[in-house]
Every structure is written in structure tokens, then in C-alpha cells.
Amino acid sequence: MDVLYFAWVRERIGRPKDNIETGAATVRDLVEELRAREARYEMAFADLDALRVAVDQELADFDAPLAGVREVAFFPPMTGG
Amino acid sequence: MDVLYFAWVRERIGRPKDNIETGAATVRDLVEELRAREARYEMAFADLDALRVAVDQELADFDAPLAGVREVAFFPPMTGG
Amino acid sequence: MQEEAFDLGAEVNDFTSRQSGMGAVVSFTGIVRDIAAGLEAMQIEHYPGMTEKALAGIAEEASARWSLGDVLVIHRHGALAPDEMIMMVATSSPHRADAFQAAEFLMDYLKSRAPFWKKEVTRDGADWVDAKDADEDALSRW
Amino acid sequence: MQEEAFDLGAEVNDFTSRQSGMGAVVSFTGIVRDIAAGLEAMQIEHYPGMTEKALAGIAEEASARWSLGDVLVIHRHGALAPDEMIMMVATSSPHRADAFQAAEFLMDYLKSRAPFWKKEVTRDGADWVDAKDADEDALSRW
Numbered sequence: 000m001d002v003l004y005f006a007w008v009r010e011r012i013g014r015p016k017d018n019i020e021t022g023a024a025t026v027r028d029l030v031e032e033l034r035a036r037e038a039r040y041e042m043a044f045a046d047l048d049a050l051r052v053a054v055d056q057e058l059a060d061f062d063a064p065l066a067g068v069r070e071v072a073f074f075p076p077m078t079g080g
Numbered sequence: 000m001d002v003l004y005f006a007w008v009r010e011r012i013g014r015p016k017d018n019i020e021t022g023a024a025t026v027r028d029l030v031e032e033l034r035a036r037e038a039r040y041e042m043a044f045a046d047l048d049a050l051r052v053a054v055d056q057e058l059a060d061f062d063a064p065l066a067g068v069r070e071v072a073f074f075p076p077m078t079g080g
Numbered sequence: 000m001q002e003e004a005f006d007l008g009a010e011v012n013d014f015t016s017r018q019s020g021m022g023a024v025v026s027f028t029g030i031v032r033d034i035a036a037g038l039e040a041m042q043i044e045h046y047p048g049m050t051e052k053a054l055a056g057i058a059e060e061a062s063a064r065w066s067l068g069d070v071l072v073i074h075r076h077g078a079l080a081p082d083e084m085i086m087m088v089a090t091s092s093p094h095r096a097d098a099f100q101a102a103e104f105l106m107d108y109l110k111s112r113a114p115f116w117k118k119e120v121t122r123d124g125a126d127w128v129d130a131k132d133a134d135e136d137a138l139s140r141w
Numbered sequence: 000m001q002e003e004a005f006d007l008g009a010e011v012n013d014f015t016s017r018q019s020g021m022g023a024v025v026s027f028t029g030i031v032r033d034i035a036a037g038l039e040a041m042q043i044e045h046y047p048g049m050t051e052k053a054l055a056g057i058a059e060e061a062s063a064r065w066s067l068g069d070v071l072v073i074h075r076h077g078a079l080a081p082d083e084m085i086m087m088v089a090t091s092s093p094h095r096a097d098a099f100q101a102a103e104f105l106m107d108y109l110k111s112r113a114p115f116w117k118k119e120v121t122r123d124g125a126d127w128v129d130a131k132d133a134d135e136d137a138l139s140r141w
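Protein chains in written order, with numbering that gives the first Met the number 0: chain A, 0 to 80; chain B, 0 to 80; chain C, 0 to 141; chain D, 0 to 141.
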């Protein structure tokens, strides 16, 4: 599964993307896995209220299931326009 | 005093403008004077609800006083934009 | 106020390039629509002298109500063909909500408070366009 | 979605000339504003792939809600200087209220639902722009 990071999430983690094997059932489970990896992941995911998530390029919530999903992205609230 | 007509008011009266001497105290008095002139004025001023008035180029109502006024204009509701 | 056509894009670009520190520019353009009977021309009559005052007054009112950098209003008169542009407004503001609201306010007031009258000329004859209750009602929200 | 600058006036003119039977065209342009610390650049990051889907989805939603002739959305990414245009939307409709509302809707959704992030670079450093509660609140009116 591709896991993408944007804006300060990308900067804190220090890379734009991970490709990981995971059995995580939901986005929240995936976050717990990532947090356990390294301090920079722990820091990036410290406050989930400050984060948004997209599952296969659609906005989703942290309880979204990951079965069959190819791409998950984490980023702060959007500031376009 | 210049009295101006626009849109179908102008067409019904058959001219864009009259210059008249009047002792009319208000717009409504002026309308009564004009109505008494000829049938085409009577026709143009038949329904005051369908008319708007400007006094010295500012929108006004039919009770507006005419003392010192130089220009009165009658026209249907505006349809710009 | 002008009889000749205007170049919307050039006006919007000029307007925008004159702004500094503005985060938002909104433009509105009104275009002659064809009608069922087949429109040959839209004739726009206005009240010279009062028109300029009314437009300036409406623009001033908008500037007093919202935080605006600038306001532009162009309105044509004379005979226009279908798909020709009748008029345009542009507003600039630090904030998008102000630019949008001011542009809508300008349009609502232009429709019902500036001395313009439209006449539709078709093969079958010519008719003055009736004012719409909805246009008058639109003023009540400001 | 593009990195290069766009010509607002040319886009608005093109957009308008493609319309037929539309009485109203509204455009909105967002411009990089300078900030107190002195802005050197506004960097705009986006999410390739999702961005296009999100913009198309927002435009479709607008077309479903209002009577529109057409919708145009252009959004830049990369590094922009103060007073450069970031993005624009344009809408056309037979009626002005629809054109205005659809343009405001597009902007409100673009602000908070399209995957763009702004970073302000000044002499003192660089900071991600925080999302505003007001922008999120603006969605609730639709």
C-alpha cells in the first residue's frame, strides 16, 4: 500500500511516501503502526485532530476500512483557493 | 422646469421632454397638471403604481416637494444590469 | 456609461493589475440573451446625467459597506445584439466574501436603481422589458 | 492544475465566448497577498491525481445544484510571488443569482476540500498557512 504525506506531515516524516505491507483494518490502525515506527512518525501523528486523510484519493475519516485500498494519504487541513 | 420622459412613458407622450411653467407644490400635483393637458398624457400617467419619478436626478416619491426643483423625470421601473 | 463594446478580459486584467494587497477579484458580466420570439436587438435607454450619479452612488455605498480596494462599473446603452455584453462590474478586496458580496450588491442595485430601460426588438415588434418582482425583492437582503 | 501563470482576461474572454444563451458570467480570482513579515514566495503544494478528481467533483456538484452553462477552474501550484494570481473560477448561467452562488460555492469548497497547501516563505523562514475556521464554517451554508 502506498502511504503519502503532504505539507508539514511530509516535512516531519522527512519523505513524501512509504510503500508498506500492512494488515491494518482501518486508517486508525495504520496510524498506530506508523507511530510505532520512529519518533518522526510519532511526532507527525501526535494530534489526529490536526490531520486529514484521503483513502484512494477520496477524503475519508480515520475509521475508514483499508480492505482493497491501494493508496492512503495524510495531510493537514487544506488551504487552497 | 424640465420634465423628462423615458422608455414607454416617452413613447406614449410622444416626446422626450417638456419645459413647463408650473406652480405645482408636489410631484403629484405636477402629474395632475400634465394629465389635464392631453389624452396621451392622461394615458401615460393612468397608473402611478407603474411609474417611478426622479427629482433633480435623484429617485423620489410622488409626494416630493417641487420648490426650487429644476428637473423632474418620469419612467417605468428600471431594468438595467 | 458607453455606447461602444468593451473588452471584458482587458478590463478585468487592467482592474486586477491596478490592485495591490488585494486577495480577491470578482467580476460579473451581463449578456444579451436571445428570447423565444427571436431577438433582433436589445435597445438600452438611459437617463444621461442621472445614470452617472446613480452608478457613482451605488459604488460609494458598496465601498462603505465592505472592505474594498476598488470598484469598476461599465454599462452600455444603445442597440445590442444577442450574446453581446451589456455591462460588467468588478470588485477587489483583501477577502473573497467581501468581493463577492459587493459585486452582488452592485448588481442588485444596478438592476433596480440605476436609470436603464431595456427594449426587446423581434421580428414581431418591440416590447419594453418588465421589471421583475424578484429583482426588487433582491434589494431587501442588503 | 498548472504550474505556469494564466492570463485571467484571456481565460474570461474565452470562457464567455464559448457560452450561448447565458445571461451572466461571474469570475473569481485569488491573488497572493503580501504579509507583515514581507513575503518572498507563496509555495503551493498539491496532491497530483486527487487534485484533478476533487476539482472535477466540486464542479459537478455545482452543476447539479445550479442552472449553469459551464464551469472553469484553474489552480496553480509551485512558487508564486506577491500579486501573482493563484487561481480562478468562472461560471455562466442564464441567471445572475445562479452564476454568483455557484462561484461562491466553488470557492468555499476549493478552500477546504481540494488538496492544496500553502506555505509562506519570508526572510525569517517558512510557515504553512493554517486553515481558517471561517473557511470550514463557510461550507455549512451550502
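Keep in mind that the hints were calculated from the coordinates and are not lab data.
Among the clues, some could well be false.
Calculated lysine to aspartate or glutamate pairs in the EDC-like style (CA-CA distance at most 16 Å, straight line) [as the list claims (entries may be wrong)]:
no.	chain 1	residue 1	chain 2	residue 2
1	B	Lys16	B	Asp46
2	D	Lys52	A	Glu20
3	C	Lys118	B	Glu10
4	A	Lys16	A	Asp60
Under 8 Å between C-beta atoms, here's a sample of chain B residues computed to sit facing chain C [what the hints assert, rightly or not]:
no.	residue
5	Phe5
6	Ala6
7	Thr21
8	Thr25
9	Tyr40
10	Leu58
11	Ala59
12	Phe61
13	Ala63
14	Pro64
15	Leu65
16	Ala66
17	Pro75
18	Gly79
A few chain A residues that don't get close to chain D, going by computed Cβ distances all over 12 Å [unchecked claim]:
no.	residue
19	Leu3
20	Arg34
21	Met42
22	Ala53
23	Asp55
24	Glu70
25	Gly79
Everything numeric in this text was worked out from a predicted model, so none of it was measured.
C-beta: ideal position from N, C-alpha, C; glycine also.
Right, here's what the structure says about each hint:
no. : hint                 : in the structure
1   : B:Lys16 <-> B:Asp46  : violated (20 Å)
2   : D:Lys52 <-> A:Glu20  : violated (26 Å)
3   : C:Lys118 <-> B:Glu10 : holds (12 Å)
4   : A:Lys16 <-> A:Asp60  : violated (20 Å)
5   : Phe5                 : holds (6 Å)
6   : Ala6                 : holds (4 Å)
7   : Thr21                : violated (20 Å)
8   : Thr25                : violated (20 Å)
9   : Tyr40                : violated (19 Å)
10  : Leu58                : holds (7 Å)
11  : Ala59                : violated (11 Å)
12  : Phe61                : violated (17 Å)
13  : Ala63                : violated (15 Å)
14  : Pro64                : violated (19 Å)
15  : Leu65                : violated (17 Å)
16  : Ala66                : violated (20 Å)
17  : Pro75                : holds (7 Å)
18  : Gly79                : holds (3 Å)
19  : Leu3                 : violated (7 Å)
20  : Arg34                : holds (21 Å)
21  : Met42                : holds (15 Å)
22  : Ala53                : violated (6 Å)
23  : Asp55                : violated (9 Å)
24  : Glu70                : violated (8 Å)
25  : Gly79                : violated (3 Å)
Hint compliance for this structure: hints 1, 2, 4, 7, 8, 9, 11, 12, 13, 14, 15, 16, 19, 22, 23, 24, 25 are not met, and every other hint is.
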